[in-house]
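Using the hints provided, position chains B, C and D relative to the given structure of chain A.
Protein chains: 4
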Amino acid sequence: DAPFTLIAGPCQMESRDHAFDMAGALKEICGRLGLGLVYKSSFDKANRTSLSGRRGIGLDDALPVFADLKKALDLPVLTDVHTEEQCATVGEIVDILQIPAFLCRQTDLLVAAAKTGRVVNVKKGQFLAPWDMTNVLAKIVESGNPNVLLTERGASFGYNTLVSDMRSLPIMAETGAPVIFDATHSVQQPGGQGGSTGGERRFVETLSRAAIAVGVAGLFVETHQDPDNAPSDGPNMVPLDRMEAMLERLMAFDAVTKG
Amino acid sequence: DAPFTLIAGPCQMESRDHAFDMAGALKEICGRLGLGLVYKSSFDKANRTSLSGRRGIGLDDALPVFADLKKALDLPVLTDVHTEEQCATVGEIVDILQIPAFLCRQTDLLVAAAKTGRVVNVKKGQFLAPWDMTNVLAKIVESGNPNVLLTERGASFGYNTLVSDMRSLPIMAETGAPVIFDATHSVQQPGGQGGSTGGERRFVETLSRAAIAVGVAGLFVETHQDPDNAPSDGPNMVPLDRMEAMLERLMAFDAVTKG
Amino acid sequence: DAPFTLIAGPCQMESRDHAFDMAGALKEICGRLGLGLVYKSSFDKANRTSLSGRRGIGLDDALPVFADLKKALDLPVLTDVHTEEQCATVGEIVDILQIPAFLCRQTDLLVAAAKTGRVVNVKKGQFLAPWDMTNVLAKIVESGNPNVLLTERGASFGYNTLVSDMRSLPIMAETGAPVIFDATHSVQQPGGQGGSTGGERRFVETLSRAAIAVGVAGLFVETHQDPDNAPSDGPNMVPLDRMEAMLERLMAFDAVTKG
Amino acid sequence: DAPFTLIAGPCQMESRDHAFDMAGALKEICGRLGLGLVYKSSFDKANRTSLSGRRGIGLDDALPVFADLKKALDLPVLTDVHTEEQCATVGEIVDILQIPAFLCRQTDLLVAAAKTGRVVNVKKGQFLAPWDMTNVLAKIVESGNPNVLLTERGASFGYNTLVSDMRSLPIMAETGAPVIFDATHSVQQPGGQGGSTGGERRFVETLSRAAIAVGVAGLFVETHQDPDNAPSDGPNMVPLDRMEAMLERLMAFDAVTKG
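Residue numbers (the numbering used here), protein chains in the order written: chain A, 1 to 259; chain B, 1 to 259; chain C, 1 to 259; chain D, 1 to 259.
Fair warning: there could be bad hints in the mix.
Since the list gives no way to pick one copy over another, a pair counts as held whenever it fits inside one copy or between any two copies.
Said to hold, decoys possible - Keeping only pairs whose Cα atoms sit at most 20 angstroms apart, straight-line, the calculated EDC-like set for lysine to aspartate or glutamate is: (1) K45 x E142; (2) K258 x E248; (3) K70 x E14; (4) K45 x E84; (5) K45 x E85; (6) K27 x D17.
What the hints contain is simulated information worked out from the structure, not anything from laboratory work.
Just chain A, with the same shape it has in the complex (with noise of 0.2 angstroms):
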């Protein structure tokens, strides 16, 4: 079994000299660890908690990116997409379609994005069951598009808080897709901070060391230089500077793990 690919990059594509500094930076990293890398960012966050929080700098300023990014350090690039008109677009450039957990449900979304021919990486919402992904899978299989990745992101919990419930990843498994953990939002606090959402950045290696004794394809890391001063998702996401040491540490369980 081939080790777990990093799904990994800042939350927000914030400018094109981050985006080379970041992907250039995880790119060194997973080089010397023998890592395959997913670089991750988003070019709109479409449902921040707030009107004011910080969207993104948009699809027609980060598409080019995408493209020089994957031209000038050869590595795949993943993105969310939000709606059916987004994916044909998207899908000319970017590797990997993502589909946020508020919309797998989203029967034109998914089927959009399978249409694209890309691969699909569909996050379990917080509000459905592991074995409920069966019928998401189903919807983009059926579509004609096999590339589907699952993404497991937490398990709504009472309230503002979510739960991992790592039985979720082999049943996830057994449907036949490549199974991602998504450390970042699993350490999400939904709303937890009153106009915007907290999170507990010191659990995600916690979460990630459990996800990956279970056994992943991927895990989804978001990462940033300087995370307390990113414009979304700054309490989770890991600083740049201390990724190399966790990534070290969390290969070594997967190399039990994949035996």
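For chains B, C and D alone, kept in the frame of chain A given last:
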């Protein structure tokens, strides 16, 4: 205080004839009871559990029916919107645009609905706390539209189960927005039947009584002349021929509440 | 159908004088309203959050007070038991033995309470589904005592929060046992204040209205002349001087329910 | 850091012969693997789902067997206590007194267990947050006994389901107490089979891997030579003949964690 407004109708618009039959029957019932009625129907079920679930007759066919219903029966109508693009079109005819629970954090949809100037009814996501709706409401109000309804439709409670927290009604009412209780979707068992969503119709009245005694501006109940053969949400819909007696009982509680 | 019975009193028995004051005041209120009253008080708080929490005056001091209250005021009394040994002693005087929620699966305690021949009121554990109470009830009935009350007092909902599922009332009523709604403990926030348990008194009436509209045989409400200085459960108790008005409002709903 | 200690044995003590067979087999396995072993067995199942569930051989018959096991096999033993009275008697022989999850807030039981001077293992209630265990721990420590283990065994997650929140392990470890993961009861489905409790044995290793990668001082696993015919907890117990291979895999993760 006025009695609760009834928002009712079949889950899907099935045909012009069916819509006129249902709306006519409901109007007669509400006329006899002295209840305000908003006729509800979906033109598209955009998040069915599986691809093969019937989705409805579509926007183009549904809008003229809504227009004719309004004129012929002199009643306001409500339908749900799923994309920004639909908002302006739907808003030309439909009186209340409803934001589905899964989509209640999608900023662009909320803003587009707000910009129609129509009343916007937002269903609280199964993954949100009642106080989180303050932020959702603000997105619409700050977009220039103060006419917002907030609807309780259950919170995630473990897997494949919802629970109705009656505290959410006064908490949401503190925002100043009228609060609706959706008795139909609160008794859903999401994903509970494998390829479709289950439900427990027998608790529609139970939860409606509770909500009305606590105090609501409106009650949302889906109904059908033959729920067990309806194209969607059959397990949760109240048979049309039981609506009047149920509403009469509920009005007696409402009279005490509104005192 | 008869109106609901009120089970009320301060959380702890604080002193003979306090008990007579509270019971006397409640008896007057219920007399004016035409409500049946069971006087409730604990002689020992056996599961306080911390060792330093005040536990009550103890069994030996409490039993004579219960005996005198019964005689002087001609009302039935209820208290909770924590061990098998207490059951027989308490059962000599107290009319209703209450099994605390955490202990509702302890077979020996249930059987010992059953064997007293007194009415046994079992609180549903925060960790149980309403249908699980069928097994709890059977333990008592099979021990020869059919006089059982089942009480809803909230279900665990994430951390430090309870939720009241109003469906549990008709589900438990299907057993044939009278169902009580405990409005005081349903608004607890277990462990929510670090070294003690918090609560939200403002929802006592909210949830009581809901439960009574759904239909209950009894309502359990703790009350105190000065809750904020009470030795336990202060945040949940209703001030004595607000009880009568609240009960009057609740009786109006009950009259509709009982038809 | 030392490898995890294994706390293992059949759910119930069934007979002297069965106890010696099981303990002997486990001692051999742990000897080969270099794992510390604590032999676990219950003399009484005090909270079976129904009255007819088999409860075990009782305290009087079990204690001599525990004494002889300790002498003959030179290993520490653990059993659970349900009443204050049992503590002193059990504490004469048994090395670790375990407080059942439902009883983890019962002050008198905690204090009586503390007073034996033996190690006390408290299972976190399904209704408690991990940080709530600080108060539980304090009750024992303030009673003069600092030798406390804290065990995670799942949190209530809707009805008839538990979820294992791996964050609870480091949160409880912050108290300074060694933290145990109970893999057997974490896969219970409480009340899930009507008159008895169900479970999913297949997730015992899944959750154990996760917990061990996060880091635990001990692992609690019930085992039986023929789980499907065991008198209790059969659906959760690991067959004895699969224990060694599973433990070997788990030790590989533990070695990385303890590093």
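Practice task
Any hints from earlier that this structure breaks? Give me their numbers in increasing order, please.
Solution key: none
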